[in-house]
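The listed protein sequences derive, respectively, from chains A and B. Residue 10 is where the first sequence starts when you use our numbering, and the numbers rise one by one after that. Residue 10 is where the second sequence starts when you use our numbering, and the numbers rise one by one after that.
Rather than coming from a laboratory, the hints here were simulated on the basis of the structure. The reader is advised that the hints may include incorrect statements.
Restraint-style ranges between C-beta atoms, simulated for each label pair [as the list claims (entries may be wrong)]: (1) Ala156(B) with Arg303(A): 31 to 39 angstroms; (2) Ser304(A) with Ala221(B): 46 to 54 angstroms; (3) Asp268(B) with Ser263(A): 21 to 29 angstroms; (4) Glu56(A) with Ile283(B): 53 to 61 angstroms; (5) Ser263(B) with Ser125(A): 53 to 61 angstroms; (6) Asn92(A) with Ile283(B): 35 to 43 angstroms; (7) Glu63(B) with Ser304(A): 25 to 33 angstroms; (8) Leu285(B) with Leu35(A): 52 to 60 angstroms; (9) Ala52(A) with Asp212(B): 36 to 44 angstroms; (10) Gly266(B) with Ala91(A): 19 to 27 angstroms.
Quick look at which bits of chain A chain B covers, simulated, 3 or more residues with Cβ under 8 angstroms [what the hints assert, rightly or not]: (11) 40 to 50; (12) 89 to 99; (13) 209 to 217; (14) 283 to 291.
Just so it is clear, CB atoms sit at the ideal spot from N, CA and C, and this is done for glycine as well.
2 protein chains.
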Amino acid sequence: MNAKENVAVVGVGRMGANIARRLRDLGYPVTAVYDADRARAQAVAGELGATAPETLAMVTVSADTIVTVVSDDASMRAIFAANGDSLLDGAARKLFVNCATISPQVHEDIERLAESRGASSLEACMASSITQAREGTLYLMVGGSGAAFERARPMLEGMSSSLRYIGPAGSAAQVKALVNMVMNSNTVALAEGLGLGAALGLDLTMLREVFAQTGANSRVLETDGADMQAREHDVYFSAAHAAKDSGIALVLGSECGLDLPVAAAAKAQYDRMIELGLGELDKSGVAELTFPGRSPA
Amino acid sequence: MNAKENVAVVGVGRMGANIARRLRDLGYPVTAVYDADRARAQAVAGELGATAPETLAMVTVSADTIVTVVSDDASMRAIFAANGDSLLDGAARKLFVNCATISPQVHEDIERLAESRGASSLEACMASSITQAREGTLYLMVGGSGAAFERARPMLEGMSSSLRYIGPAGSAAQVKALVNMVMNSNTVALAEGLGLGAALGLDLTMLREVFAQTGANSRVLETDGADMQAREHDVYFSAAHAAKDSGIALVLGSECGLDLPVAAAAKAQYDRMIELGLGELDKSGVAELTFPGRSPA
């Protein structure tokens, strides 16, 4: 892909908006942004000197590469609808780079739809978050055709500090779902360990140090341990997202006939957070369910 | 403690025998070893030039410091029985250093019993394994009185590369139980992630690399990930031990009124291994339950 190719971004929540800002900084003309929340699209468009078209078809017309960062399977299928307003209108020769964490099957279906219109589609799954999007230091796992990957590679390298081609469409989303499933299980396991430590009256700072030096160590101990102790659950990766991503993995497991009881128990805790109105807390907020005296139930 | 004080070791399975070897290397006269399996005791005694007394009372007589490394709560209570053959016979001024992973309450009870006989008792919980015992590089967490800790400190420093005083009797065992509970949950979570990856046909070496670079990373990924992939489950920390240790933590949780669903689901998997005759596999063997085509059930 030529660095001068025009780019549009669909879905400009915090991740999408930061990806747009990063692409602008890299010298990509960001011609259009789109969001189901039009006010949000207009705000980001104003900031970046982009347009905020009213239709998806106009987004596709405006750019060579369209980056999509939407929230779930249904939103993804909606923006690539076979009928009605759709990114697929006038999509010939366009490249879609799809960053949302969604079901692998949806990536496969959208690749098929895009190719049927003469376009290319690539999944670029992000195993990192808002700050990394802004700074161009995402961990990106890519699925799709080798040709689409080569076309997108310069832009993806500008967005990421680690870029890994996984395989055909759907495979990167599978790996992403597995990463998040394990991460979410480890997060609930950590919340249980610290919660029980609190119930026993142990010094949690000491306990986190011991965990870090022993078989209990984990990446989520580094990222979420202190937050669990301090009840700092400002959203970085929400409980609702955790429930969604573990759900994607559990569906894959079910389709494979696998029994995954720990992942299921972890997802149930995130589902319970949503039921209790805590779904927009950070995933570390699962500690609110396991620490003594915290649970709202 | 004077470095010349005599030491005895009760329980000379692989951990206890290696602790005895290490103490001998450090210059401690190892006067006696004892094991429920007398042939094992005699073999280790022969190797170390120690005696293998027939009674626990004779063990206590033989040494100033008695290190115990037994398998569970019941064994621990048996060797410190109030009546019959017991380490408590003639225990005045002796120091007991108890290394087994057992329930915190048992450490408290044994400290009380020991002190009633004019002896001292210390828990020295090990968050590491057989190689570290031999090399004197254990991660040791100590619970008991400050005086007992100071008396044991030179010997404990010779056994460990990391020595941490946690607090009164029972507190180190609490921390140890929490470490192992979180470790066991993370282990099952990892086995589920890799098992589902295998079911999806993903390259597991690639998947482990991605896990290591993302929020799915953990100490057990380092220690057990490759073994799960390769089905190398030679025992290092057995599934049966994992079930026992998670069980200790879950009892503590239950006593505190806490709901710990992920830890419970993980323990259930280790219990299932025992039911299937797999309890003496390494904890990594839980992958046998989650990988497609492996389960013996």
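Verification of the hints:
1. Ala156(B) with Arg303(A): 31 to 39 angstroms: holds (37 angstroms)
2. Ser304(A) with Ala221(B): 46 to 54 angstroms: violated (33 angstroms)
3. Asp268(B) with Ser263(A): 21 to 29 angstroms: holds (25 angstroms)
4. Glu56(A) with Ile283(B): 53 to 61 angstroms: holds (60 angstroms)
5. Ser263(B) with Ser125(A): 53 to 61 angstroms: holds (57 angstroms)
6. Asn92(A) with Ile283(B): 35 to 43 angstroms: For Asn92(A) and Ile283(B) the Cβ distance comes to about 57 angstroms; the hint is violated.
7. Glu63(B) with Ser304(A): 25 to 33 angstroms: violated (54 angstroms)
8. Leu285(B) with Leu35(A): 52 to 60 angstroms: Hint holds: Cβ distance 55 angstroms, inside 52 to 60 angstroms.
9. Ala52(A) with Asp212(B): 36 to 44 angstroms: holds (42 angstroms)
10. Gly266(B) with Ala91(A): 19 to 27 angstroms: violated (54 angstroms)
11. 40 to 50: violated (count 0)
12. 89 to 99: violated (count 0)
13. 209 to 217: holds (count 4)
14. 283 to 291: Coverage by chain B is violated here, the residue count being 0 at a Cβ distance below 8 angstroms.
The structure shown violates the earlier hints numbered 2, 6, 7, 10, 11, 12 and 14.
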